[in-house]
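Trainee: Chain by chain, the residues:
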Amino acid sequence: MSVLDKIILIVVIILLAGFSVVVALTAFGSDILIDWLNMVQSTRIDGLLLVVILLLLVIYLILLLLGEAKTDQCSLTRQAALGELRISVNTIIDLVAENLSTVDGIKDVTVTVTEVDPLKIDLHVKIAPNLHVPQITESIQMQLSDYLRNTIGVQPEAVNVIVTGLQTQQRRVQ
Amino acid sequence: MAEEQRTSLGELKIANEVVGIIAGLAATEVEGVAGMSGGLAGGIAEMLGRKNLSKGVKVEVGEHEAAVDLYIIVNYGVSIPEVASNIQKNVKQAIEGMTGLDVVEVNVHVLGVNFPQQTVEEPQPEPPQPRVK
Numbered sequence: 055m056s057v058l059d060k061i062i063l064i065v066v067i068i069l070l071a072g073f074s075v076v077v078a079l080t081a082f083g084s085d086i087l088i089d090w091l092n093m094v095q096s097t098r099i100d101g102l103l104l105v106v107i108l109l110l111l112v113i114y115l116i117l118l119l120l121g122e123a124k125t126d127q128c129s130l131t132r133q134a135a136l137g138e139l140r141i142s143v144n145t146i147i148d149l150v151a152e153n154l155s156t157v158d159g160i161k162d163v164t165v166t167v168t169e170v171d172p173l174k175i176d177l178h179v180k181i182a183p184n185l186h187v188p189q190i191t192e193s194i195q196m197q198l199s200d201y202l203r204n205t206i207g208v209q210p211e212a213v214n215v216i217v218t219g220l221q222t223q224q225r226r227v228q
Numbered sequence: 013m014a015e016e017q018r019t020s021l022g023e024l025k026i027a028n029e030v031v032g033i034i035a036g037l038a039a040t041e042v043e044g045v046a047g048m049s050g051g052l053a054g055g056i057a058e059m060l061g062r063k064n065l066s067k068g069v070k071v072e073v074g075e076h077e078a079a080v081d082l083y084i085i086v087n088y089g090v091s092i093p094e095v096a097s098n099i100q101k102n103v104k105q106a107i108e109g110m111t112g113l114d115v116v117e118v119n120v121h122v123l124g125v126n127f128p129q130q131t132v133e134e135p136q137p138e139p140p141q142p143r144v145k
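Protein chains in written order, with this note's numbering: chain A, 55 to 228; chain B, 13 to 145.
Rather than coming from a laboratory, the hints here were simulated on the basis of the structure. Quick reminder that beta carbons are idealized off the backbone N, C-alpha and C, glycines included. There's no promise every hint is true.
Ranges between beta-carbon positions, derived for each pair [stated by the list, open to error]:
| # | chain 1 | residue 1 | chain 2 | residue 2 | range |
| --- | --- | --- | --- | --- | --- |
| 1 | A | 132 | B | 129 | 26 to 36 Å |
| 2 | B | 23 | A | 103 | 32 to 42 Å |
| 3 | A | 184 | B | 129 | 28 to 38 Å |
| 4 | A | 144 | B | 22 | 46 to 56 Å |
| 5 | B | 116 | A | 61 | 39 to 49 Å |
| 6 | A | 128 | B | 129 | 25 to 35 Å |
List time: in silico DMTMM-like cross-link candidates among lysine to aspartate or glutamate, alpha-carbon distance up to 20 Å [claimed, not checked]:
| # | chain 1 | residue 1 | chain 2 | residue 2 |
| --- | --- | --- | --- | --- |
| 7 | B | 25 | B | 72 |
| 8 | B | 101 | A | 176 |
| 9 | B | 70 | B | 58 |
| 10 | A | 180 | A | 148 |
| 11 | B | 25 | B | 75 |
| 12 | B | 70 | A | 138 |
| 13 | A | 60 | B | 58 |
| 14 | B | 70 | B | 23 |
| 15 | A | 180 | A | 152 |
Please model the complete structure; the sequences and the hints are all you need to start from.
Mentor: See the structure below:
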């Protein structure tokens, strides 16, 4: 669940809670809800607001459904003994990023999966200034290949390392 | 939809939900599985305090056969094919043992990785030497 989802969920829950309080008050004889409904009818401003809110809700739902369909497509599928094994692209990205966080001399790693079958990965990294670039990229590629073969059972066909810049800050911890 | 079987004394019905719960429990007890992923609707239900045992499980139950889709999150550091094959074995065994249905397919969808909470160990500063003895 993304942060946006959580925020919207919380807002919806608060609104629902508030609304149910109002409804409960109405049940006990309060006129708040009835007054508000009358006001909506007379002013039309709140009505407009409602339309806007509904519109936003519909847009969000469409985005959500599109996103879900997209993530469903973006997964690596393998045939296992008893059915399929699907590994989502997010999983692969998380695994690669975590694995590379242990490598010394590279920083700010951005992982993109450019193709799923065969697996192709792009890495945008910043590199420490005193390193031999071909050497470190080759070692990253080797390490990732091995790692992915061991964890997800698939060897990437290509691991492209794109060096975007120098890591300027020196690490304090030796 | 429920699975139905005629026996000599009446019929036996097993609801989809039951097969789902069996599959969910069998999957979560496999080592390396951090949990099931239930999507947004499941998240709302969970926030409202409803424990859903068949979260992240989709089942299709026919007359004699069942197919299961499992949406899982794995722990970091495990071999995913190995975990998946353990899940498939365990789920198949559990459903077949408890309901008698033939499990034809157990599809495992890995939706995410769970990283263990890293406890950063800060070096303890040495206690200052007392100036007076």
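Trainee: Now tell me if each hint is right for this structure.
Mentor: For each hint, the structure was consulted:
1. A:132 x B:129: 26 to 36 Å: 30 Å, holds
2. B:23 x A:103: 32 to 42 Å: 55 Å, violated
3. A:184 x B:129: 28 to 38 Å: 34 Å, holds
4. A:144 x B:22: 46 to 56 Å: Cβ of residue 144 (chain A) to Cβ of residue 22 (chain B): about 48 Å, so the range 46 to 56 Å holds.
5. B:116 x A:61: 39 to 49 Å: The hint (39 to 49 Å, Cβ to Cβ) holds, given that residue 116 (chain B) and residue 61 (chain A) are roughly 42 Å apart.
6. A:128 x B:129: 25 to 35 Å: At 28 Å between Cβs, range holds.
7. B:25 x B:72: With Cα atoms ~14 Å apart, residue 25 (chain B) and residue 72 (chain B) stay inside 20 Å; holds.
8. B:101 x A:176: Violated. Residue 101 (chain B) to residue 176 (chain A) sits at ~35 Å, over the 20 Å cutoff.
9. B:70 x B:58: The hint holds at about 18 Å.
10. A:180 x A:148: Holds. Residue 180 (chain A) to residue 148 (chain A) sits at ~18 Å (cutoff 20 Å).
11. B:25 x B:75: Distance of about 10 Å is within 20 Å: holds.
12. B:70 x A:138: 14 Å, holds
13. A:60 x B:58: The hint holds at about 13 Å.
14. B:70 x B:23: 25 Å, violated
15. A:180 x A:152: 16 Å, holds
Of the hints listed earlier, those the structure fails to meet are numbers 2, 8, 14, in rising order.
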